[in-house]
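S.K.: Protein sequences, first through last, are from chains A and C.
Oh and the first sequence: position 272 is 1173 in our numbering, straight run, nothing missing.
Oh and the second sequence: position 88 is 721 in our numbering, straight run, nothing missing.
Worth flagging that the hints you see were computed from the coordinates, not collected in a lab.
Hints may contain errors.
Covered, in the sense of this in silico footprint (three residues per stretch, anywhere, with C-beta under 8 angstroms from a C-beta of chain A), are these stretches of chain C [stated by the list, open to error]: (1) 750 to 760; (2) 764 to 772; (3) 843 to 853; (4) 913 to 925; (5) 936 to 949; (6) 952 to 964.
In silico DSS-like pairs for lysine-lysine, Cα to Cα no more than 30 angstroms straight-line [claimed, not checked]: (7) C:Lys968 - A:Lys1188; (8) A:Lys1181 - C:Lys968; (9) C:Lys761 - A:Lys1181; (10) C:Lys761 - A:Lys1068; (11) A:Lys1158 - A:Lys985.
Where a beta carbon is used, it is the ideal one built from N, C-alpha and C, also for glycine.
So you can see what is in the structure, the chains are spelled out below.
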Amino acid sequence: MTFLNYLLSGISLGSIYAIIALGYTMVYGIAKMLNFAHGDVIMVGAYICFFAVSRYHLPPVVGVLAAMAVCTVLGIVVERLAYKPLRAAPSLAVLITAIGVSYFLQNGAQLLWTPNPKVFSSVVGTGRLALFGGQLTVSYVTITTIVSCIVIMIALTWFTGNTKMGKAMRACSEDKGAAQLMGINVNSTISVTFAIGSALAAIAGVLLCSAYPTLVPTTGSMPGIKAFTAAVFGGIGSIPGAFVGGLLLGMIEIFAKAYISTQLSDAVVFAVLIVVLLVKPAGLLGKKVSEKV
Amino acid sequence: MKTKKLTLNKNTRMNFVTYGVVIVAYVILQTMVTTGSISSSLKGMLVPICAYVVMAVSLNLTVGVLGELSLGHAGFMSVGAFTGVTAALALQGVVASGPLRLLIGMAVGAVFAAIAGVLIGIPVLRLKGDYLAIVTLAFGEIIKSLINNLYVGVDGSGLHFSILTNKMAMDEIGRIIINGPMGITTIEKLSTFTAGFLLVMVTLIIVFNLVNSRSGRAFMAIRDNRIAAESVGLNVVKYRLMAFVTSAALAGAAGTLFAMNYSTIIANKFDFNTSILILVFVVLGGLGNMLGSIIAAAALTILPEMLRSLQDYRMLIYAIILILVMLVTNNAQLKSLFSRIIPHKKEAADNE
Chain A
902 MTFLNYLLSG ISLGSIYAII ALGYTMVYGI AKMLNFAHGD VIMVGAYICF FAVSRYHLPP
962 VVGVLAAMAV CTVLGIVVER LAYKPLRAAP SLAVLITAIG VSYFLQNGAQ LLWTPNPKVF
1022 SSVVGTGRLA LFGGQLTVSY VTITTIVSCI VIMIALTWFT GNTKMGKAMR ACSEDKGAAQ
1082 LMGINVNSTI SVTFAIGSAL AAIAGVLLCS AYPTLVPTTG SMPGIKAFTA AVFGGIGSIP
1142 GAFVGGLLLG MIEIFAKAYI STQLSDAVVF AVLIVVLLVK PAGLLGKKVS EKV
Chain C
634 MKTKKLTLNK NTRMNFVTYG VVIVAYVILQ TMVTTGSISS SLKGMLVPIC AYVVMAVSLN
694 LTVGVLGELS LGHAGFMSVG AFTGVTAALA LQGVVASGPL RLLIGMAVGA VFAAIAGVLI
754 GIPVLRLKGD YLAIVTLAFG EIIKSLINNL YVGVDGSGLH FSILTNKMAM DEIGRIIING
814 PMGITTIEKL STFTAGFLLV MVTLIIVFNL VNSRSGRAFM AIRDNRIAAE SVGLNVVKYR
874 LMAFVTSAAL AGAAGTLFAM NYSTIIANKF DFNTSILILV FVVLGGLGNM LGSIIAAAAL
934 TILPEMLRSL QDYRMLIYAI ILILVMLVTN NAQLKSLFSR IIPHKKEAAD NE
């Protein structure tokens, strides 16, 4: 039963990574940029939810919605002010700007909310569900996380496949110039992508802090890096890839902690990543694009 | 009969300017140190600045000249710092001269970082673009994780190693050098500004000679068009590995220099943020422009110190300056304005 417990917490952590990785991969697919500030949007989302619930005693649902709303606005504003002027610039310049935004958010949070850790109270309570006559207990947080991830995954797949905006996104990620010629507003499509990615980051922030309740201004950076790794693991730019990559990364991390060594779990995770990339250089589900000469 | 006039090409001239700037800066600062007209905070930053300059120049070789994004340069610095300091500490009592121990430390650091460079270079060569970047990032994290759990001690019979927990069985004269997450706590401060300056000069000589050689032209050919470079018979694997390993070795030496300036050093000092910081120096200074890297590394190391009067706001201001600089330097209108004012820039802009 301990194995099942580890498996469940692995899937739960993996689901959080998957939700963050979805934001990374969507932005990468369409804007071809590594948005290193994504991890810090998670932190902002968690803080907003924390203050809404603990300070103003609003119901948790309202807290989550407020976090999503703030992060969506934040995502759009950052994109407009910092990334949009650099659309024609070399990708490294955009990368450095994203790092600047990341520093800005972290230090802004430090000024606004002080570096003292906040204890985040779980949005779904601390109850546990007992299964198999009490042999296996699952916390509500775990169940909520896994269910949210599956719902988000299904919704995103439907959205990108069936709606007009989703089709516009896929068109832009394939060829921006051609998409523009077909009458697609590329700028607003990119804004919508950032909005969706940031809203997902807010959800991920709330779920992350419900499972690991210490909240500091740098909360988002390590999960951000891990989720970025997950996105590459699955094949960056691919939505199912981010899902698979996130889940696998979470499970590897928990199993490495359980069966190999707690301190070396990060080393194991990244070593597995290197091995996978050696075998499949474009990630698990990434398309191998052959170069035209 | 016409006398042959000595003409220097543009690159050579630029290289001499770079050497000149570094030497002049060293002379001025060293004079200020000896006359005591330098603030103590700036004096304490001279060695870290030299280390960051070497890091920036060596990363510029990978990112600017070879054209591969590396997000794990601090990993090589870490390998160099820990192996180099271990060597310098283990030789305490064997080699009497402090500067010589520092030199041996830097050489050991460079060799081990180069070995790490070969190890990571092999998978890197199969990958490109962002996948390559993520492998370097992963490498940096692995190094951090391993060194955080590494225990090294020295006694009469030589070096002892242990991983995860301290299981070393040492005789009575044994002492711990690397103590897991505590890092190294018994460093002698051997690094001096002069040592830092010499390392910067050596780095520049190596990098400039490499870039202006046959190999350097091969790096740039691979950067600009890998397929074309391969089709004219360049051994892409060999040249990429060469640039990568050179860059790693220099970073290793810089790591030793950096660590020997403090009394304690921990593995978490060389994390992803440090790699990113050095990448910021390189991009801000201009890809492939070594003088730019030097100036950016020095300026951005001093900047947070200059902003100290703003207290809590200083890192916020730093972030805003970083974003604004990127926005301004990549602004199309400003670029065309500059190209109209300065004619030779126009040629450069047209060539892009």
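S.K.: Okay, which hints does this one fail, numbers in order?
M.R.: The structure conflicts with hints 3, 7, 8 and 11, although it agrees with all the remaining ones.
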